[in-house]
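Same order as they appear, the protein sequences are chains A and B.
My numbering numbers the first residue of the first sequence as 42 and each following residue consecutively.
My numbering numbers the first residue of the second sequence as 20 and each following residue consecutively.
Keep in mind that the hints were calculated from the coordinates and are not lab data.
All residues carry an ideal CB built from backbone N, CA and C; glycine is no exception.
Under 7 Å between C-beta atoms, here's a sample of chain A residues computed to sit facing chain B:
#1 V119
#2 V120
#3 N168
#4 F171
#5 G265
#6 Y360
#7 N363
#8 S490
#9 S492
#10 D494
#11 Y498
#12 Q525
#13 Q556
#14 V584
Stretches of chain B that chain A covers, calculated by requiring three or more beta carbons in the stretch to come under 8 Å of a beta carbon on chain A:
#15 138 to 149
#16 194 to 203
#17 396 to 408
The list that follows gives simulated cross-link-like pairs (lysine-lysine, BS3-like), each with its CA atoms no further than 27 Å apart:
#18 K324/A to K281/B
#19 K83/A to K410/A
#20 K279/B to K263/A
#21 K263/A to K281/B
#22 K94/A to K166/A
#23 K581/A to K334/B
#24 K83/B to K118/A
#25 K203/A to K99/B
#26 K146/B to K170/A
#27 K374/A to K237/B
#28 K330/A to K421/B
#29 K289/B to K319/A
#30 K118/A to K349/B
#31 K224/B to K202/B
#32 K156/B to K374/A
#33 K581/A to K281/B
#34 K224/B to K170/A
#35 K279/B to K319/A
#36 K327/A to K279/B
#37 K109/B to K118/A
#38 K118/A to K82/B
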Amino acid sequence: MDRREFIKLTGIGVGGIALPIMGNVVSAEQLLDPGMDVAIKKKLADVALNAAKEAGATYADVRIGRYLNQFITTREKVVNNIVNTESAGIGIRVIANGTWGFASTSLMTVESIAKAARQAVAIAKANAKFQTEPVKLAPVKGYGEVSWKTPIEKNAFEIPIKDKVDRLLEVNNAALTSGASYITSIFFLVNEQKYFASTEGSYIDQDVHRLWAPFFASAVGKAGFKQRNGLGNPVGMGFEYLDGKKKDKIMVDGATIGYGNSYDMVEDAKLAGEQLQKKLAAKSVKPGKYDLVLDPAHLMLTIHESVGHPLELDRVLGYEANYAGTSFATLDKWRTKKFEYGSDIVNLFADKNQPYSLGNVGYDDEGVKTKEWDLIKGGILVNYQATRDQVHMIDQNESHGCCYAQSWRDVQFQRMPNVSLRPNAKQDLSANDIIKDVKDGIYIVGRGSYSIDQQRYNFQFGGQLFYEIKDGKITDQIEDVAYQSNTQEFWNSCAQLAGKSDYRLGGSFFDGKGQPSQVSAVSHGCPTTRFNNINVLNTKRNV
Amino acid sequence: MAILSEQEAKKILKKVISYSKADSCECNLSGVVSGNIRYARNTVTTSGSVSDLTLSVQSAYGKKVGTATINEFDDASLEKVVRRSEELAKLAPENPEYMPPLKSAKFKKANTHFNSTASVTPEYRAKAAENSIVPSKKNKLIAAGFLNDSENMLALMNSNGLFAYNTSTSVDFSATIRTEDGKGSGWVTRDYSDVKKLNTAEASKIAIQKALDSSDAKELEPGRYTVILEPAASIQLLQNMAGSMDQRSAEEGRSFLSYKPKDDEKNPPKTKLGMKLFDERVNIYTDPNHPEVPTPHFSSDGAPVERIQWVKNGKVVTMPNSRYWAEKTKTDYVPTPAGGLQFIMEGGDESIEEMIKNTRRGILVTRLWYIRQLDPQSLLYTGLTRDGTFFIENGKIKYPIKNFRFNESPIVMLNNIEALGKPFRINGCMVPPMKIRDFTFSSLSDAV
Numbered sequence: 042m043d044r045r046e047f048i049k050l051t052g053i054g055v056g057g058i059a060l061p062i063m064g065n066v067v068s069a070e071q072l073l074d075p076g077m078d079v080a081i082k083k084k085l086a087d088v089a090l091n092a093a094k095e096a097g098a099t100y101a102d103v104r105i106g107r108y109l110n111q112f113i114t115t116r117e118k119v120v121n122n123i124v125n126t127e128s129a130g131i132g133i134r135v136i137a138n139g140t141w142g143f144a145s146t147s148l149m150t151v152e153s154i155a156k157a158a159r160q161a162v163a164i165a166k167a168n169a170k171f172q173t174e175p176v177k178l179a180p181v182k183g184y185g186e187v188s189w190k191t192p193i194e195k196n197a198f199e200i201p202i203k204d205k206v207d208r209l210l211e212v213n214n215a216a217l218t219s220g221a222s223y224i225t226s227i228f229f230l231v232n233e234q235k236y237f238a239s240t241e242g243s244y245i246d247q248d249v250h251r252l253w254a255p256f257f258a259s260a261v262g263k264a265g266f267k268q269r270n271g272l273g274n275p276v277g278m279g280f281e282y283l284d285g286k287k288k289d290k291i292m293v294d295g296a297t298i299g300y301g302n303s304y305d306m307v308e309d310a311k312l313a314g315e316q317l318q319k320k321l322a323a324k325s326v327k328p329g330k331y332d333l334v335l336d337p338a339h340l341m342l343t344i345h346e347s348v349g350h351p352l353e354l355d356r357v358l359g360y361e362a363n364y365a366g367t368s369f370a371t372l373d374k375w376r377t378k379k380f381e382y383g384s385d386i387v388n389l390f391a392d393k394n395q396p397y398s399l400g401n402v403g404y405d406d407e408g409v410k411t412k413e414w415d416l417i418k419g420g421i422l423v424n425y426q427a428t429r430d431q432v433h434m435i436d437q438n439e440s441h442g443c444c445y446a447q448s449w450r451d452v453q454f455q456r457m458p459n460v461s462l463r464p465n466a467k468q469d470l471s472a473n474d475i476i477k478d479v480k481d482g483i484y485i486v487g488r489g490s491y492s493i494d495q496q497r498y499n500f501q502f503g504g505q506l507f508y509e510i511k512d513g514k515i516t517d518q519i520e521d522v523a524y525q526s527n528t529q530e531f532w533n534s535c536a537q538l539a540g541k542s543d544y545r546l547g548g549s550f551f552d553g554k555g556q557p558s559q560v561s562a563v564s565h566g567c568p569t570t571r572f573n574n575i576n577v578l579n580t581k582r583n584v
Numbered sequence: 020m021a022i023l024s025e026q027e028a029k030k031i032l033k034k035v036i037s038y039s040k041a042d043s044c045e046c047n048l049s050g051v052v053s054g055n056i057r058y059a060r061n062t063v064t065t066s067g068s069v070s071d072l073t074l075s076v077q078s079a080y081g082k083k084v085g086t087a088t089i090n091e092f093d094d095a096s097l098e099k100v101v102r103r104s105e106e107l108a109k110l111a112p113e114n115p116e117y118m119p120p121l122k123s124a125k126f127k128k129a130n131t132h133f134n135s136t137a138s139v140t141p142e143y144r145a146k147a148a149e150n151s152i153v154p155s156k157k158n159k160l161i162a163a164g165f166l167n168d169s170e171n172m173l174a175l176m177n178s179n180g181l182f183a184y185n186t187s188t189s190v191d192f193s194a195t196i197r198t199e200d201g202k203g204s205g206w207v208t209r210d211y212s213d214v215k216k217l218n219t220a221e222a223s224k225i226a227i228q229k230a231l232d233s234s235d236a237k238e239l240e241p242g243r244y245t246v247i248l249e250p251a252a253s254i255q256l257l258q259n260m261a262g263s264m265d266q267r268s269a270e271e272g273r274s275f276l277s278y279k280p281k282d283d284e285k286n287p288p289k290t291k292l293g294m295k296l297f298d299e300r301v302n303i304y305t306d307p308n309h310p311e312v313p314t315p316h317f318s319s320d321g322a323p324v325e326r327i328q329w330v331k332n333g334k335v336v337t338m339p340n341s342r343y344w345a346e347k348t349k350t351d352y353v354p355t356p357a358g359g360l361q362f363i364m365e366g367g368d369e370s371i372e373e374m375i376k377n378t379r380r381g382i383l384v385t386r387l388w389y390i391r392q393l394d395p396q397s398l399l400y401t402g403l404t405r406d407g408t409f410f411i412e413n414g415k416i417k418y419p420i421k422n423f424r425f426n427e428s429p430i431v432m433l434n435n436i437e438a439l440g441k442p443f444r445i446n447g448c449m450v451p452p453m454k455i456r457d458f459t460f461s462s463l464s465d466a467v
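All chains, full assembly: derive it from the sequences and hints.
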């Protein structure tokens with residue numbers, strides 16, 4: 042990814058973070074423009090499809106996209122940055138001589154679009170000389186003219202900037218008055234307006250909304266400093282996520298508050314300040330084997346890394362070997378129909394249509410209607426995540442609908458759908474019920490440091506908050522905890538799941554993959570879950 | 020055209036400044052032309068190209084600031100983008116940390132642009148893929164790789180009369196070559212400003228040899244080992260450390276450079292500036308004139324940039340310092356070149372082969388992967404070895420070993436130096452191969 046695609050947001054930690062977002066900076070009002078009329082989009086799409094066919098394409102699809110972002114960053118009492126961006130253009134993908142070709146343009150004239158379509162065909166033909174595996178697409182029916190919209194209650198772009206800034210400064214004040222020394226808080230708001238058309242006869246108009254409201258607090262004490270990040274989740278929702286409804290709060294005795302389908306950011310910031318002071322005084326963990334109780338805001342990332350990524354079919358097949366890596370979950374293991382990925386209570390499924398999730402869309406970026414399917418059933422590996430040109434390699438003839446491109450300018454490819462752990466179907470246990478059965482364990486909340494090898498065997502994860510469990514009760518907040526395990530051993534040590542009332546969605550807003558790298562957003566649902574006898578390290582090091 | 024000449028860029032920016040009605044105005048014109056090719060499973064998978072020119076205008080009324088961007092360059096569009104940035108500035112809340120534009124300065128010309136790289140063709144890219152794929156097939160191996168070349172232009176102007184202009188080029192190549200049975204994997208990466216220095220066939224040979232040599236790795240017990248880190252193995256740890264040296268964070272008590280006072284210490288310093296933190300052979304600097312890693316002679320806000328020594332004889336002697344923090348704390352503003360901290364770590368003359376020869380028992384590491392921070396105070400990181408890890412005994416590579424997870428800090432690494440080799444360009448920096456004692460591996464990984 043080249044430098045111009047990054048927007049640098051300062052004030053987070055020491056180095057700041059760079060976001061891979063493309064687009065022109067615009068006013069907040071421009072984000073509310075309705076954009077191009079659907080009838081015009083259809084005409085332009087037909088120009089591209091016809092030009093591609095005339096140039097020799099056997100298949101073509103077109104994505105006319107308008108991508109809007111608003112980012113607001115504050116630090117303590119200061120507004121660091123308000124950025125509004127808009128990016129619009131058209132991406133054309135074709136198959137010619139059995140090979141993919143792609144070209145894009147921001148100039149939406151008939152001539153420019155036809156030229157880009159011909160360029161895509163020319164690229165396909167040029168690359169065909171290296172082609173040893175002609176593209177084979179799974180059938181998909183043409184849906185005609187259809188549309189889909191994220192079911193939001195409050196469009197975050199319509200909330201006045203002042204109200205959003207005031208909310209973040211309120212969050213900062215809550216943390217600073219309760220024990221934090223520093224805090225950065227951010228709103229990331231995303232709206233993807235996508236129009237897809239293909240030579241299969243689909244014309245699909247979609248309006249997708251996502252939101253993330255993180256904060257990063259720290260406290261400096263005599264012996265050093267500690268950090269505590271917010272426990273909110275990125276979601277496929279509008280501003281209603283920040284309503285912090287009582288019904289969406291999950292209390293864990295002696296620990297903290299977890300959040301479901303809405304988030305009380307001010308309350309969480311206040312708790313963060315208090316917990317930071319406890320972190321500064323907390324005892325360091327004694328390394329050894331423990332039973333771990335993992336909160337959904339933490340376990341979501343373990344699912345992402347140890348189940349989501351290894352079951353991406355392009356990784357399994359070697360297409361990502363030079364960057365993200367390959368996978369231990371090879372086709373020969375899957376073909377046995379006996380590969381024990383986890384214990385028999387482990388059921389993991391993929392979907393692109395869970396309400397409130399980041400992956401929720403009506404159709405994927407190659408015009409396939411989204412659905413739900415099993416990946417791990419009763420602990421056994423049963424399926425992967427695949428696109429139209431991949432499913433034939435696993436003897437299937439229906440795409441899973443998980444093709445995505447980060448913008449009109451980038452070519453779409455296989456991206457992770459939502460991958461989630463089914464809750465306990467027999468008993469609707471709570472997080473407190475799970476904890477009360479643990480004799481000597483640790484309750485881990487929130488996502489921390491995470492690292493996993495390129496085939497997804499060996500991993501090490503930290504968290505935001507760690508609580509010692511003794512004889513079924515949370516005793517003290519502890520520090521310096523990380524657990525290390527092997528994916529198959531870990532999921533086979535899964536001993537107990539909370540029920541559907543405890544099921545919550547977590548997510549990753551900027552998941553990177555591909556060369557040039559593209560980001561995507563994906564959710565992972567799960568209940569509080571217990572894993573037995575896991576190796577815990579102490580991460581404190583004196584230098 | 021996305022890459023404008025100095026005169027063309029100046030003409031556009033002068034016009035932009037002439038439309039400004041704000042207290043101050045800064046503009047930035049950046050252009051890129053790049054191309055790439057990607058291959059996997061011994062076949063080309065995707066290729067693409069990008070051409071773009073963007074103008075960004077920042078207007079300020081007092082400490083109220085607004086920014087707008089456009090990629091159209093007729094007079095009406097130029098005036099429109101200035102007016103839009105002014106409207107946004109008027110609506111924005113005050114930013115107490117905003118700093119007004121810098122004064123005009125003279126900048127030396129940097130040797131960052133190479134016509135050879137700017138002239139890379141689709142045929143060259145296809146040949147790069149072929150240079151990996153054909154010999155891999157001959158050796159019954161599977162190649163995956165990526166090549167990206169780019170030409171960039173950056174021009175800055177502000178209402179104080181400052182004008183800075185630079186063009187640069189870069190090419191990045193990497194290849195992962197694996198055995199058909201998945202038991203061996205080798206990797207190579209190269210990046211240059213001048214594509215003439217890139218030999219994709221020679222580079223691919225290294226990855227091929229590592230793939231063949233790394234097959235059927237044996238298990239070694241985790242623990243502390245002497246390691247020889249190729250530059251690709253240490254670069255990310257070093258870059259993470261370099262990115263954590265900011266003066267403000269150190270003074271706020273939030274960095275590895277924050278000083279922890281002893282009990283009853285009178286007037287303790289806020290930071291570890293000037294204290295010995297590493298082996299005295301550690302010297303790190305940036306230099307826009309370095310022939311291998313040239314950078315522009317100005318920072319992203321238009322301050323002149325010369326050679327800066329960051330670490331001298333094991334002591335941190337300079338920390339990057341923002342203009343706001345420098346003014347608030349009455350210290351010096353320490354800018355870094357536009358485009359990032361492309362540092363040079365000094366080394367010695369020893370080759371990796373000589374380092375192996377001088378090692379009784381140790382491990383050769385090709386690269387480290389998935390590196391994440393565990394503790395920002397000690398800069399403790401975790402990650403894994405990947406694509407070629409070998410056991411050394413009595414001066415010879417004995418056999419490939421399974422990959423390890425490491426839990427280690429670059430501070431410890433730079434204290435435990437046994438030997439430094441000849442620096443090599445990696446990720447835009449110059450880094451020597453390093454022989455390090457007592458490097459901590461915490462567990463084994465089955466990943467190949």
